[in-house]
Each structure stands twice: as structure tokens, then as C-alpha cells.
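*Asks:* Sequence:
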Amino acid sequence: KHVNFGFWRGAQLDDPSGLLQSGGKKMGHVRIDSLEDIRPDVFKTLVRQAVELNRQHGDPSRGP
1 KHVNFGFWRG AQLDDPSGLL QSGGKKMGHV RIDSLEDIRP DVFKTLVRQA
51 VELNRQHGDP SRGP
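In the working numbering, the protein residues as written are 1 to 64.
No false leads were mixed into what you were given.
Pairwise CB distance ranges (calculated): (1) Ala11 - Arg62: 15 to 23 Å; (2) Arg62 - Gly24: 12 to 20 Å; (3) Ser22 - Thr45: 17 to 25 Å; (4) Gly58 - Lys1: 28 to 36 Å; (5) Asn4 - Asn54: 13 to 21 Å; (6) Gln56 - Gly6: 16 to 24 Å; (7) Lys25 - Arg55: 19 to 27 Å; (8) Lys1 - Arg55: 29 to 37 Å.
Cut-off 20 Å, straight-line C-alpha distance, at most; resulting in silico cross-link-like pairs (EDC-like, lysine to aspartate or glutamate): (9) Lys1 - Asp37; (10) Lys1 - Glu36; (11) Lys25 - Asp14; (12) Lys44 - Asp15; (13) Lys1 - Asp33; (14) Lys26 - Asp59; (15) Lys26 - Glu52; (16) Lys44 - Asp14; (17) Lys26 - Asp15; (18) Lys25 - Asp15; (19) Lys26 - Asp14; (20) Lys44 - Asp33.
For the record, the hints were derived by calculation from the structure and aren't laboratory data. For glycine and all other residues, C-beta sits at the position ideal for the given N, C-alpha and C.
The task is simple: from the sequences and hints, build the whole structure.
*Replies:* In C-alpha cells:
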């Protein structure tokens with residue numbers, strides 16, 4: 001069992017940790033198989049980047 005934590009603009013996020021997996025041309029996700037997989041520092045960085053992209057480009061869930 002696992003959980004995928006998805007990012008609409010995952011392909012645009014900088015992820016030096018290598019945790020972000022491709023979800024297509026735009027999306028990306030981090031797969032979490034156990035609590036030990038959660039790295040707060042990495043998640044905080046990814047979420048902050050995603051929020052900034054939404055500020056710049058608008059809500060990705062609302063089409064063009």
C-alpha cells in the first residue's frame with residue numbers, strides 16, 4: 001500500500017533529492033510507501049515551489 005502526493009506542475013519543480021517521479025509532461029508525484037519515506041524538508045521545498053508556480057501561472061486545476 002502507498003500514497004502518491006501529486007503536483008500539477010511537477011515537471012517544473014526543482015527536485016535535487018530525486019524523490020519526484022514523472023506523471024506525464026506536466027504532473028509529478030512523490031510515492032510514499034511508509035512514514036519513513038516522508039522527508040519534511042523536501043516536501044516543504046516542493047510545496048513552496050508549487051505555490052509560487054501557481055501564483056505566477058494561476059490555478060492549474062481550472063483549465064486555460
